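Chemist: These are the residues of each chain, in order.
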Amino acid sequence: MYLTREEERILDGERGEAARRAMELLVKLGDAYDAARMIEISSCHLVSCVYNVVYDSGLDVAETFLKLGARFAIPTTLCTASAPLERISDFGFPDEWVEKQLKLCALYRAMGGLDNWTCIPYWNVNAPSYGEHIAWGESNCVSYANSVIGARTNRYSSYIELCAAITGRVPMIELHIPENRRGTILVKLKGFDISMMTAKDYGALGYAIGQLSAGGIPVIDGLPQAVSKKMLRIMGAAAASSGSVALYHVIGVTPEARSLEEAFGWDKPDDRVEVGLDELKKAYLELSTVEDREVDLVFIGCPHYSIDQIGLVADMLEGRRIHRNVELWLATDNITYILACRMGYAEILERAGVKIMVGSCAMNAPTYTKGFKAIATDSAKTAHYAPMQAKADVFYGSLEECIEIAVEGRVER
Amino acid sequence: MSGIRVKCRGLTRGVAVGEALVSRQPFGFWGEVDPYTGIVTDIHHEWYGQCIAGKILIFPYGRGSTGSGGIIVEAYRRGKAPAAIVNLKTDFILLSGPLSIEVLYGGRLPVVDRPERDVFAIVKSGSIVKVDGDEGFIEIL
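As given, the protein sequences belong to chains E and X, one line each in that order.
FYI, in this note's numbering the residues of the first sequence are 9 to 421.
FYI, in this note's numbering the residues of the second sequence are 21 to 161.
No wet-lab data here; the hints were simulated from the structure.
Since the model is a prediction, treat every value here as computed from it, not as a measurement.
For each residue, glycine too, the CB sits at the ideal point set by N, CA and C.
One or more of the hints may lead you astray.
Said to hold, decoys possible - Pair by pair, the computed Cβ-Cβ distance ranges are:
id : chain 1 : residue 1 : chain 2 : residue 2 : range
1  : X       : D54       : E       : W274      : 45 to 51 Å
2  : X       : E159      : E       : D123      : 49 to 55 Å
3  : X       : R137      : E       : A135      : 44 to 50 Å
4  : E       : T377      : X       : E159      : 40 to 46 Å
5  : E       : E408      : X       : F140      : 42 to 48 Å
6  : E       : N188      : X       : E159      : 29 to 35 Å
7  : E       : L285      : X       : I59       : 36 to 42 Å
8  : X       : I59       : E       : G230      : 39 to 45 Å
9  : X       : D138      : E       : L285      : 31 to 37 Å
10 : X       : E159      : E       : G199      : 47 to 53 Å
11 : X       : E39       : E       : N188      : 51 to 57 Å
Please take these sequences and the hints and turn them into a complete structure.
Modeler: Structure, rendered in structure tokens:
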């Protein structure tokens with residue numbers, strides 16, 4: 009692989025041992041994937057700072073890098089932490105686990121990481137532009153940045169994104185190269201009324217698309233031009249969970265798919281699938297393992313809720329109270345939480361009995377230690393991971409259904 | 021089928037011998053395997069309940085969360101990592117774990133992909149397989 013003089017200097021250790029080691033890993037990655045050269049990137053989004061992604065080895069790696077003098081060369085955001093960063097004691101998670109996450113937080117702050125802790129960095133503090141090269145981790149972040157914004161990133165994971173943040177570079181491979189971004193599978197939506205689609209339907213749709221196009225780049229034909237970015241966020245997160253979809257195109261909607269021809273790079277699709285009511289029904293069946301009567305935890309905010317969604321929940325819960333048999337957790341990031349406090353939403357929610365998980369979420373935190381029987385969620389991604397991560401059954405519902413379950417407390421205790 | 025050697029592309033260094041665990045289903049590590057025990061926790065996967073520690077994992081490609089690399093490193097640290105990984109196509113998420121083990125931990129977890137023959141037809145779970153990441157091949161012993 010060709011290296012610039014500056015990159016060779018880094019590899020020779022002239023920018024310190026941390027940068028040398030980071031560059032060594034990136035060069036090996038580049039060699040494995042036949043990269044011609046490195047590219048400079050404009051931002052990173054890290055998952056290496058999340059305790060239940062890296063566990064104790066993550067503390068070893070971060071401590072070692074910091075001791076070796078690691079500092080981030082480019083703006084770097086930190087993904088959703090494994091413990092809430094406010095009102096920690098409200099959740100009753102094991103102290104040892106929480107302390108380890110807080111230690112990771114301190115280590116990554118010291119390297120220059122932005123102290124926001126979120127899985128929607130693209131919504132406020134780390135919003136790349138079309139065509140920018142970035143190195144991001146976390147599947148919904150990657151999906152959104154690539155597909156909706158048209159920025160260029162691979163699905164980076166620990167510790168490649170960390171090495172990228174330290175050097176400001178990644179090898180020019182896969183989705184950084186325009187030719188590799190063309191669609192491979194045509195996904196034709198058929199037989200349902202798109203205008204009636206709810207957020208819950210978009211989650212199930214994404215889940216089905218992910219399953220049908222695993223390993224490929226789906227091109228979705230049949231969504232309205234006016235589909236909101238919020239719905240794409242929900243759909244993309246679901247497709248990333250079920251089929252590791254790092255990039256999708258929506259004809260007439262996303263920036264690299266102004267036409268069907270452009271989406272496929274003026275080439276033919278490798279494959280075609282149809283998604284209709286049957287596929288949606290199948291997704292719904294797979295996303296719930298129990299009835300709503302079993303639910304003792306309602307979890308919303310996956311991906312993290314933005315301020316408009318928090319406002320909506322505050323409206324729904326004003327003057328109401330979460331039932332004593334049920335808990336309701338709502339996840340968002342530090343900055344959005346400050347906004348929610350200033351706008352009075354946080355007070356309304358807390359008065360109703362909602363526990364706001366600031367900078368964290370129920371799937372990254374050790375929810376399994378709480379012994380919940382069943383979790384209701386409006387997120388297809390959470391529904392996919394809950395049985396494994398929280399060791400609980402799951403009920404996939406709309407936000408409205410989730411709120412009613414929390415208020416009525418249908419479960420018997 | 022013993023004695024068969026299949027040329028592959030070596031992605032990380034090292035040589036490993038072990039019992040094969042084969043699936044045509046994609047496999048992600050984060051949320052799908054417990055790094056403390058090596059037991060597969062994904063109820064959707066046919067390996068559910070099985071232990072991957074010391075095994076030669078053969079599956080088409082990775083899937084799911086970008087957290088997989090970290091889980092592989094943690095499993096390695098605890099002696100619960102697979103001995104080697106064989107894919108049709110290895111993605112970054114998966115490779116980042118073994119690569120971090122090589123560069124940051126000074127260890128070895130060989131990964132090979134692009135086998136020149138249909139490995140699913142010739143390797144069954146339970147077969148003893150050698151994976152050579154340096155030379156880029158697998159051999160059924």
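Chemist: Please check whether R137/X and A135/E have a Cβ separation lying inside 44 to 50 Å.
Modeler: With Cβ atoms ~47 Å apart, the hint holds.
Chemist: Just tell me: holds or violated, for the beta carbon distance of D138/X and L285/E against 31 to 37 Å?
Modeler: holds, 36 Å
Chemist: Range hint 29 to 35 Å: satisfied by the CB atoms of N188/E and E159/X?
Modeler: Holds: the Cβ-Cβ distance is about 32 Å, inside 29 to 35 Å.
Chemist: That 51 to 57 Å hint for E39/X and N188/E (C-beta), does it hold up?
Modeler: Given range 51 to 57 Å: violated, Cβ gap about 36 Å.
Chemist: Could you check the hint for me, namely that E159/X and G199/E are 47 to 53 Å apart, CB to CB?
Modeler: 50 Å Cβ-Cβ, so the 47 to 53 Å window holds.
Chemist: Do I59/X and G230/E keep their Cβ atoms within the hinted range of 39 to 45 Å?
Modeler: Given range 39 to 45 Å: holds, Cβ gap about 41 Å.
Chemist: Quick check on a hinted range of 49 to 55 Å for E159/X and D123/E, using CB atoms only.
Modeler: For D123/E against E159/X, whose Cβ atoms are near 50 Å apart, the range 49 to 55 Å holds.
Chemist: Could you see if the CB distance from L285/E to I59/X stays within 36 to 42 Å?
Modeler: holds, 37 Å
Chemist: Quick one: are D54/X and W274/E within 45 to 51 Å, going by C-beta?
Modeler: holds, 46 Å
Chemist: Is 42 to 48 Å a correct range for the gap between the Cβ atoms of E408/E and F140/X?
Modeler: For F140/X against E408/E, whose Cβ atoms are near 45 Å apart, the range 42 to 48 Å holds.
Chemist: Could you tell me whether the CB distance from T377/E to E159/X stays inside 40 to 46 Å?
Modeler: Holds: the Cβ-Cβ distance is about 44 Å, inside 40 to 46 Å.
Of the numbered hints stated above, the single one contradicted by the structure is hint 11.
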